[in-house]
Amino acid sequence: MAKDKGRIIGMDREKFRMFMGKYGIGVILLIMMVFISVMEPSFRSTSNMINVATQVSINAMIAYGMCLAITTEGIDLSVGAQLALVSCVLGQLISGKGWNIAAAIIVALLVSTVWGFINGFLISKFNMFPFVVTLSTQLIIRGLAQVISGGQAIPITDTAFKSIYSAKIGPVPFPILVLILATFLMYMILHWTKFGRYVFAVGDNMQAAIASGVSIIKTKTAVYTISGLLAGIAGIIFTAKTASAQSNIGIGYETDAVAACVLGGTSFAGGVATVPGVLMGIFIIGFIYNGMNLIGIDSYYQSMTKGAVIIGAVLLDMVMNKKNS
Amino acid sequence: MKRKVLSVLLCVMMTAVLAAGCGSDNKDDGKKDGGAKTEDAKDGDVNGDGKIICGYISKNIVDPFHAPINDYAKKTFDGLKKDGTIDDWTGILDGETDANKQIDRADECIAKNCDYVIILPAEASASDAAVTKMTDAGIKVIVVNSKTDSTDDVAMAYVGPDDVEAGEMLAQWVIDNVPDGGKYAHCQGVIGNSAQIQRGEGIENVMKDNGKFESVGDFPCEWQADKAANVATDMMNQYKDELKAIICDNDDMSSAAQKACNDAGREDIVCVGVDGNENPLQMVKDGEMGATVLQDGPAQVEGAIDLIKKALNGEETEKEVMISFVLVTKDNVDEYLK
Chain E
1 MAKDKGRIIG MDREKFRMFM GKYGIGVILL IMMVFISVME PSFRSTSNMI NVATQVSINA
61 MIAYGMCLAI TTEGIDLSVG AQLALVSCVL GQLISGKGWN IAAAIIVALL VSTVWGFING
121 FLISKFNMFP FVVTLSTQLI IRGLAQVISG GQAIPITDTA FKSIYSAKIG PVPFPILVLI
181 LATFLMYMIL HWTKFGRYVF AVGDNMQAAI ASGVSIIKTK TAVYTISGLL AGIAGIIFTA
241 KTASAQSNIG IGYETDAVAA CVLGGTSFAG GVATVPGVLM GIFIIGFIYN GMNLIGIDSY
301 YQSMTKGAVI IGAVLLDMVM NKKNS
Chain V
1 MKRKVLSVLL CVMMTAVLAA GCGSDNKDDG KKDGGAKTED AKDGDVNGDG KIICGYISKN
61 IVDPFHAPIN DYAKKTFDGL KKDGTIDDWT GILDGETDAN KQIDRADECI AKNCDYVIIL
121 PAEASASDAA VTKMTDAGIK VIVVNSKTDS TDDVAMAYVG PDDVEAGEML AQWVIDNVPD
181 GGKYAHCQGV IGNSAQIQRG EGIENVMKDN GKFESVGDFP CEWQADKAAN VATDMMNQYK
241 DELKAIICDN DDMSSAAQKA CNDAGREDIV CVGVDGNENP LQMVKDGEMG ATVLQDGPAQ
301 VEGAIDLIKK ALNGEETEKE VMISFVLVTK DNVDEYLK
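Protein chains in written order, with full-length UniProt numbering: chain E, 1 to 325; chain V, 1 to 338.
Bear in mind the hints are in silico, worked out from the structure with no lab data behind them.
Idealized CB from N, CA, C, for every residue including glycine.
Heads up, a few of these hints could be off.
Stretch-level coverage of chain E by chain V, calculated; a stretch enters the list once three of its residues show a Cβ under 8 Å from a Cβ in chain V [claimed, not checked]: (1) 39-51; (2) 233-243; (3) 292-298.
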């Protein structure tokens, strides 16, 4: 696409490069959507689109937290276990103790946020590797979930609670509204606030950030605390969806979140991320699942296809950007 | 400036694709409706769109127990599609042993306008939303292998094994083969899973009335063979010759436990489990393990598909079909080992 002209689709080469760098993944998303639509017409139905958007809301919450962690050159592996803990706390409070839903949700969110804070504090204060810290807290958090639930599944029969997943405002299910709100807030936090700039600064060059007076401890702690809070929200949606609290949920959910971040152009070297990019990554993951099932790809090949699509998409993104740089 | 223009263009394109998609889909619907009006709806066409579409939501596609079930379903549904009994089916949808994913798969079955869906639930309560979601959409759901909470109320039918019976068979086998009694360990599946709960109940039913046996504990092994093998070695260390038996909720675990015992020179320890997977069957055949309790998975799916066939013929269908367990020993192992 980058010929010797210097101008591509009526744009300066430099501008095109920046555009593709930021939104190249959108083109891939579009290609994917068109491809699946051609293969399976029922994919395009409005109800299926709403389904996918509702389904990805859980992964989206986790991915936004993960994106913050990765941007500061870290990772948050505890999110899957956080889902389980939040679920079990909700189950015990609502079904076991008969608490009202709002109070139970606040406590559950508080629990996950505190664990996020503990992650962040350990990582920043003692300069421990995020991988090691969150790998360990993951075990502690899941263990805690098992203790709280006694290893049993606790059914939550409260219809008001279940409606968190199924309630619709107009044609739009509630989780989509949460997704929109979270996307908007994340965009503001990351791209418009001082804190957002600190996050990028810490990830980009920690020494320089320290030299210019950015508090590493505060920034990193806040990052993991937000990730904890978002995991808590994901846990609530998850629990409302399955109407059951159990300690074995969310195993391996960090993988999809990391994949969404990477697809969205979040760099493991730190300091690079965009919220719209991650959102598109989230939808790509959602469409991979949904599309393959609708097309009827043999499930034995789905796992391979998933891996190949992720590598292919990231590679294409890289190649497009490199060619233009 | 131009970047902005392009980004706006991109957005427009996306919405256009979506809108075009919705538009043409509506047209499709119109056609379908028209078709249904002119030609008489077939017997058993649940949603009346003139097409019989079946769905199949597996529990997972990796467990040795589920592989032959899925294979059987694939073979049978492909056959039905070929001979025109059904128009299409979803293929094997992967539930990933995750209720959340199963609910997503249920959405897809609804999007595909399925008439009948067979589901093998991952969890008793958490997967229930997948079942109710589909029945709310008017789909006839057949729950296979283990029940979800509202299966009795909303599902078209349940086809499955009696897991309490399986637990009783396990305990009985141990009692019959360790005449003097002694200590036994119990390796559990994933806690909270209905098979785990009911098999445990069956074991308890038989063992609680038997004074000769004493449990050294229930160990959560999450259906995992290696964890059961660890329990076996740990318990042999701790209780030495007093340990007489290891009862496992599945036979991946019992075969691994038996192997650990045999490797330690304790062939006398009786290990037994449920499922009838290839490896344990081979061990029974080779005389390395006494018995295994076979759960005839393919027979369960067969039962479910038979119900769909009956419904398509306009026949009455049963609400519940129980498929029996089979005790497999050296005498009858050849019938089941392929």
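Going down the list of hints, with the structure as the test:
A count of 10 residues in the region 39-51 of chain E with a Cβ less than 8 Å from any Cβ of chain V is obtained; the coverage claim is therefore met, three being the minimum. Against chain V, the region 233-243 of chain E contributes 4 residues with a C-beta closer than 8 Å to a partner C-beta. That satisfies the three-residue criterion, and the hint holds. Closer than 8 Å: that is the beta-carbon criterion, and the region 292-298 of chain E has 5 residues meeting it against chain V, so the requirement of 3 holds.
Checked against the numbered hints above, the structure breaks none of them.
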